[in-house]
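Participant: Sequence:
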Amino acid sequence: MSDDAQPTAPAPVPGAAPWPGVTPITPVDVKAWLKIPADDTDDDQILQSICDAVMVWVSALPYVAGLDHEFDWPADVRQGAVQLAARWYRRRLSPSGIDAITDAGAVYVARSDPEISQLLHLDNWAYPRIG
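Read left to right, the sequence shown gives residues 0 to 130 (numbering that gives the first Met the number 0).
It should be emphasised that the hints constitute simulated quantities derived from the structure, not laboratory data.
Estimated spans, in silico, between C-beta atoms of each pair: (1) L92 with Y126: 32 to 42 Å; (2) F70 with S93: 30 to 40 Å; (3) T40 with A125: 29 to 39 Å; (4) D41 with I97: 17 to 27 Å; (5) W32 with Y107: 14 to 24 Å.
Derived SDA-like pairs (lysine to any residue); straight-line CA-CA distance at most 25 Å: (6) K30 with R86; (7) K30 with L60; (8) K30 with V55; (9) K34 with D112; (10) K34 with I100; (11) K34 with R77; (12) K34 with V106; (13) K34 with I115; (14) K30 with D42; (15) K34 with V108; (16) K34 with S111; (17) K30 with S48; (18) K34 with W56.
Even for Gly, the Cβ is constructed at its ideal location relative to N, Cα and C.
Sequences and hints are given; from them, build the entire structure.
Facilitator: Following this line, the structure appears as structure tokens:
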């Protein structure tokens, strides 16, 4: 491997948390947030894939990566992960960024969600770091 090459991360195991003490978010969590009936299993495979991706993505965030890996995520991070998964699930229906078309014109998907940023300690909500 050359000096520039980046190591590749192992492929995530579906439904598994990246750390031993972390309870993974599940399609049930996301459906509860979106008020989708629990017995509606049509998109469970898609939701599981999204949940797996969110777990990996959130685990790599600086604030989350600095947490003790033997314990579950704090409530704010867990809720942020669920809301992010719900956002990604809904976003799949608007690949061009247009959420709806009304008499007034196109309604675009918001670029970011300040509540998710706050819960996951991103952007203006990130704790100051040195170095």
